[in-house]
Every structure is written in structure tokens, then in C-alpha cells.
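> Chain residues, written in single-letter form:
Number of protein chains: 2
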Amino acid sequence: MATGARSRKLEIPGEEAQNIFTLKEMADGLRIRNFIDQNSPRQAVIIGAGYISLEVAEALWDRGVETTLLYRGKFPYSGLEPEVGPIIVKELEDHGVRYRGEVQPRFFEGDGKKARQLVTDQGSFPADLFFIGVGVLPNTEIAREAGIMIGKSGGIQVNSLMQTSDPLIWAAGDCCEKLHLVTGHPQLVPLGDVANKEGRVAGENAVGGRAEFHGIVGAASVKVFDLQIGMVGINEAQARKMGFPVITQVVEGTSRAAIFPGTRPNLLKIVADRSSGRLLGGNWVGWDGEAIKINTLAVAVHQKMTLEAISRLDLAYTPPFSPVWDPLLIAANLLKRQVGGNRREA
Amino acid sequence: MATGARSRKLEIPGEEAQNIFTLKEMADGLRIRNFIDQNSPRQAVIIGAGYISLEVAEALWDRGVETTLLYRGKFPYSGLEPEVGPIIVKELEDHGVRYRGEVQPRFFEGDGKKARQLVTDQGSFPADLFFIGVGVLPNTEIAREAGIMIGKSGGIQVNSLMQTSDPLIWAAGDCCEKLHLVTGHPQLVPLGDVANKEGRVAGENAVGGRAEFHGIVGAASVKVFDLQIGMVGINEAQARKMGFPVITQVVEGTSRAAIFPGTRPNLLKIVADRSSGRLLGGNWVGWDGEAIKINTLAVAVHQKMTLEAISRLDLAYTPPFSPVWDPLLIAANLLKRQVGGNRREA
Numbered sequence: 001m002a003t004g005a006r007s008r009k010l011e012i013p014g015e016e017a018q019n020i021f022t023l024k025e026m027a028d029g030l031r032i033r034n035f036i037d038q039n040s041p042r043q044a045v046i047i048g049a050g051y052i053s054l055e056v057a058e059a060l061w062d063r064g065v066e067t068t069l070l071y072r073g074k075f076p077y078s079g080l081e082p083e084v085g086p087i088i089v090k091e092l093e094d095h096g097v098r099y100r101g102e103v104q105p106r107f108f109e110g111d112g113k114k115a116r117q118l119v120t121d122q123g124s125f126p127a128d129l130f131f132i133g134v135g136v137l138p139n140t141e142i143a144r145e146a147g148i149m150i151g152k153s154g155g156i157q158v159n160s161l162m163q164t165s166d167p168l169i170w171a172a173g174d175c176c177e178k179l180h181l182v183t184g185h186p187q188l189v190p191l192g193d194v195a196n197k198e199g200r201v202a203g204e205n206a207v208g209g210r211a212e213f214h215g216i217v218g219a220a221s222v223k224v225f226d227l228q229i230g231m232v233g234i235n236e237a238q239a240r241k242m243g244f245p246v247i248t249q250v251v252e253g254t255s256r257a258a259i260f261p262g263t264r265p266n267l268l269k270i271v272a273d274r275s276s277g278r279l280l281g282g283n284w285v286g287w288d289g290e291a292i293k294i295n296t297l298a299v300a301v302h303q304k305m306t307l308e309a310i311s312r313l314d315l316a317y318t319p320p321f322s323p324v325w326d327p328l329l330i331a332a333n334l335l336k337r338q339v340g341g342n343r344r345e346a
Numbered sequence: 001m002a003t004g005a006r007s008r009k010l011e012i013p014g015e016e017a018q019n020i021f022t023l024k025e026m027a028d029g030l031r032i033r034n035f036i037d038q039n040s041p042r043q044a045v046i047i048g049a050g051y052i053s054l055e056v057a058e059a060l061w062d063r064g065v066e067t068t069l070l071y072r073g074k075f076p077y078s079g080l081e082p083e084v085g086p087i088i089v090k091e092l093e094d095h096g097v098r099y100r101g102e103v104q105p106r107f108f109e110g111d112g113k114k115a116r117q118l119v120t121d122q123g124s125f126p127a128d129l130f131f132i133g134v135g136v137l138p139n140t141e142i143a144r145e146a147g148i149m150i151g152k153s154g155g156i157q158v159n160s161l162m163q164t165s166d167p168l169i170w171a172a173g174d175c176c177e178k179l180h181l182v183t184g185h186p187q188l189v190p191l192g193d194v195a196n197k198e199g200r201v202a203g204e205n206a207v208g209g210r211a212e213f214h215g216i217v218g219a220a221s222v223k224v225f226d227l228q229i230g231m232v233g234i235n236e237a238q239a240r241k242m243g244f245p246v247i248t249q250v251v252e253g254t255s256r257a258a259i260f261p262g263t264r265p266n267l268l269k270i271v272a273d274r275s276s277g278r279l280l281g282g283n284w285v286g287w288d289g290e291a292i293k294i295n296t297l298a299v300a301v302h303q304k305m306t307l308e309a310i311s312r313l314d315l316a317y318t319p320p321f322s323p324v325w326d327p328l329l330i331a332a333n334l335l336k337r338q339v340g341g342n343r344r345e346a
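Listed in order, the protein sequences are those of chains U and L. Per my numbering, the first sequence runs over residues 1 to 346. Per my numbering, the second sequence runs over residues 1 to 346.
Everything labelled a hint here was simulated from the structure, so no lab data went into it. Small disclaimer: the values here were computed from a predicted structure and weren't measured. Errors might be hidden in some of the hints.
A pair counts as met if it fits within one copy or between any two copies, since identical chains are not told apart.
Under the rule of at most 20 Å between Cα atoms (straight-line distance), these lysine to any residue pairs were calculated in the SDA-like manner [to be verified]:
| hint | residue 1 | residue 2 |
| --- | --- | --- |
| 1 | 223 | 259 |
| 2 | 114 | 41 |
| 3 | 223 | 263 |
| 4 | 304 | 340 |
| 5 | 24 | 2 |
The following block holds chain U by itself, in its conformation from the complex:
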């Protein structure tokens, strides 16, 4: 079963108008492109601020459409650290995309065929094109009808062999939940690389082989105009909610040796367990390689490395590509002093 996922809807009145779009498949993208080609919209409103919405904002900007991005949360991209939020908003606004956080959509106003404005709790937003990017829902109807177990996340339950509750049925991709190795819980992670790995495992096992998919650490990256955002593990709020004694460190560093042309600022925040010193997650944002740099943390989180172990890493240094002290080493060196301490939670 590789039934995938479908775009979530807002479930508000007027949502079926023909100038309101979602984007999950190639055909959705072509539909948006045709609409722009034929109608030359002047204004667009995007509802939602996940990576699809952020990428659509950039694509609309590229087509010269004046765009406003509305989101229910304070800052774009749910799951990122609050320190990262203002940096994303600035990147959007530097490119002429307006951002409004903490907005709840109520209904679309229009003639039924064509929506003219989105009415929200924060006023009305007129546009010629509306885009809804509020996540996806796993397609589990067939699985449910077949009596296959569905997890609390809403995705199909699978074991590490990608076997469902029916041992003769395997599943893979966005319709399944995945084991998060930091939280220890299954969750939905609709990402292409994860689906691809699961597909290989399910396929191999379905034809008599033996392969395993061992789970994820939440490694992801996204490009917002020139800004690169990398994330892995769990964030501070998630770690606190799970009951970890949390310590965090923010390092504002540079992407290259300070004297090297092209160096840009970046921001790294790491989250660790104060008792064990184990790294639980991190966000790294900047304009010069941070979407790649996050993989250094991805390995560290996967290996359950402590801050002490991370502070001992030997990383490649050369002025065009890194400062002499990598921000990750600075962060680990600073934060490891707090490990094992008995100070109270803030």
C-alpha cells in the first residue's frame, strides 16, 4: 500500500472556488501555472507557512504576483525554534512578500466560482489567487476498509519491516507513520526521501527479502528565497513538553572565516538533555550552506551523541567554507558546562 497523502483543506465556506489551489502532485502545479498564464493574477494570498507554502511564495514572487502569507502561528513553519521565526519573516519581507501571523481564516467571499477575498479574524484579504498549504492527510481509506491498524497519528501502523497489522500487507510512504528516534513515538513525516527509503524496504520484503527501516530523526531543510533553514530532532518546546530537563544554546556565528569575502551571519540553536548531556535537536539558519550543515547535527542526533562528544569533533576547516571554530563546536563547548547541573528549570 502506497496510497500517499492528500492536501488538507481549511474546511471553511467558499473553499471550492476555482481560484483556490493546493499543491501535492504534478497536476496541481500545472493547474496553478495555467491559471497564472491565463489570468495574470495581480495579488495572491497564501494560507499556511510550511515548506510548500514558503516555496509557493517564492514561485509567485518569481511570476511577479504580489503575495501575502497568512499563518495561524506567530512565525512561519511550525516546529522551528522561535529564534528562527523573525529571520524567515524578514527574508520574506525583504522580497516583498507580506507576512501576517496569528490569523484564523473564517470564509471565502466571492461568487462561488471565483473567490474575491478571504475573511479572517484579523480582517479581509482580497486576492485573485488563493493558495492553501496547511499540510497533508494520509490516505488511509483503503487500509481502514481492509481492517488494517491505524496509529494515533492517523497514519497506517507499520513495523520496521514496513509490515502492516496484516502480515501479508506492506505499506510505505506518506500514508504510514514513522518511528521518531528522539521521541520514541510514531508520527507522520510526509517527506520524499523517507518515503523513498520505506518503499525500498517494503518492496524488498514483499517479494521475500529482508530489509528494515529504522526510523527518522526529523532531519529536514528548506530554502526560503536565499535563506537556508536546517532542522533536526526536537525543538525546545517539544523537549519540555516531553519532560526532558532542557538546556539550550544559541550561537550567532558566521558561515566563513570572518575575513573571507562572502561570509554571512548564521544562527544555530541546539537543545540538549541536561541530565545526560545528549543532543536532542537543533535549528541552523543562514545564507551559506546551513541546509547542508544541518546533516552534521543529524548524524550527532542519530548517534545519541552528548555535548561532550560533540565538543570533541574534528570538523573540516577552510576559510572559504567555515570559521575556524565551527558554530556547532562553540555551542557544544558552551552548553556542556550546564550538563548535570541542578539549576531549576526556567
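Given the coordinates of chain U, assemble chain L onto it according to the supplied hints.
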């Protein structure tokens, strides 16, 4: 003791001429710049092909000097895998820098003050400016006179506290040897980030603190014009020489999703121990982030990860910055099939 290192010489006749340069300190760089400003050399010959020589080749190209690079080995940069060599040579030649490998310098010809040509076993190379970049030698004279132990590498012996054989004397930087965590042996690694870390440890301990420097894994990167070269651990030849049962994998991948604008080819080679499956090292070269990507391998080598563990990594995927299957995952997946096999060494 932080006596550093000095540029090695060729120890051949004529080497003292005033148009022959080395580069170790700021003053050396200013001297070369002044010479170029005042003499507008047309032709330069570089002897040696380590990272300093390669960076000088780029700097001379930038100043419009016609440059030839000569090296004793077949391909530039000793210690890299032979698969990487032709890629570096092509990058040099694409920028108009001529490369000649397997050349042994014999003597400089000139009037004593000014060298006119370098005579080698492969003919004579005339130039207005000569640059010798054949590595550095640790400055250990003071240590020797003080009766401090010098290691086989030629550097000052230190323990993880950066303490010399005299427990009241600490040392740090290019004058010391460093423990290589893959080979288990001390060696010379004259790199700025390593020296910097050692200096902190030596300084802290010398004033009564307690810090440790735990060694290196040989992580390094270099920029050659637009090419990025990352390396870590030991290469295939070194691993064989040490007696490891060696397996290797080369993956020719792309830097981004194949459909994404700006994607470039890259080459990854990894080396592992066939018995244990442990990653021993890797080289990653390309034009789009490989100097940063090598840090993923640096953590893996540091953690003594096996190919099986590496193949389970969850790395960040987004089309502008990575292919859906990271070349490292492809390499680990392919190579892990050979682990534990009993095929004979080639």
C-alpha cells in the same frame, strides 16, 4: 611552547634567489604581493601541490600571472584518492593553470639574485616568480634544547592534556604531533583549527585548569578555483598499508535533485574495513557544498560508525540542496553488502 612550523625548503642549489617564495606567515604573503606589484611577473612556477600551493595558484591566476604547477606525485594534494586527482587537474587546466606531475626539481638557474628557470628531471621551467609549497617542518629547536621528547613524526610529543615530557611545560599547535583517531598514531597535522583547539587546552591546563584534546580524524577541506574538496580519515592506500581488509565504493552523484537548476556532479569515495564494516575515511569533491558535506562523514568516522549504521542515517533532503538519495547513503548501502565477505584482496 607554541613555536609553530616553518616552510620546508627543497634544499636544492639556487633556492636563495629573491624571486623564490614560500608562504607561512602574513609577512610572506605581503612579500609576494609587493613583488607582483613591483615586478609584474608574466610567468610563475609553483613547486608542490598541497593546499597552500593550490591556493597560491588561484591567487596568481587572479593577478593574471601565467602559472605552471609542478608536483612530485602523479596528482595534486598528497593523501587524496587517485580518483580525485584528474578532477583537480582539470579544474586547474580549465582556469589556464598548467599541471605537470611526477617532476623532480634539480636546481634553479639564474644569476644568484634572480632565478630564471627551474631545472627538473622533466626539463626546464622558466619563470619570473617561483613559489615553493612543499609543506612545513615543526619548530622544535627550543624543545630539543630543553630536553623535551620529540616524536617519530618530528613534532613535540604531548599527551591529551597537551603536556610535554616535562610535566611543567605544555605545548600546542603546528610544533606538536596530534593523535590520529583512525590510525591510533601521532602525526603532524598543521591546521589552524586544530592548533586553535590545542591552544585552549594547553592554556587552560597551564594555569591550573583541566581540559583535554582528544585527537583528530583528519577532516580537512580545500577550495581549488570553483572546486570543493573534502577529506576525512585515511585513504584506500593508507588503509591497505596499515593492514586493514579494505573495501571501497565510489559514487558519482549530483549535488541537488537532478531536476533542480544548478545541480552539479560530484564524486564520493568511501573506504571501510571489510571485517567490521567500520568507515575509515572518505573524499568528496564537487562544485556545490562538498567542503561542507564532508563533515557528515567526519562525525561518522569520529563515531566509528559502520556502513550499516551509516545506511540508516536520516539526512535532510530538499531539492535545492540535495538529491533524494544522498550519495553517502547510496555508498553505504552498496558497500555494506561486501562487509564480512571472505573474498580475497584484489
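> Within a copy, between copies, both or neither: which one fits residue 223 and residue 259 at a CA-CA cutoff of 20 Å?
Answer is between: at 16 Å across copies they meet the 20 Å cutoff, but 26 Å inside does not.
> Pop the pair residue 114 and residue 41 into one bin, within, between, both or neither, using alpha-carbon distances up to 20 Å.
within (12 Å within a copy, 71 Å between copies)
> Using 20 Å as the alpha-carbon threshold, which applies to residue 24 and residue 2: within, between, both, or neither?
Intra 15 Å, inter 59 Å, cutoff 20 Å: intra-copy only.
> With identical chains, the pair residue 223 and residue 263 could be close in the same copy or across copies; at 20 Å between alpha carbons, which is it: within, between, both, or neither?
both (18 Å within a copy, 15 Å between copies)
> Under a CA distance limit of 20 Å, which applies to residue 304 and residue 340: within one copy, between copies, both, or neither?
Answer is within; shortest intra-copy Cα gap is 17 Å, inter-copy 26 Å.
The earlier numbered hints are all upheld by this structure, with none contradicted.
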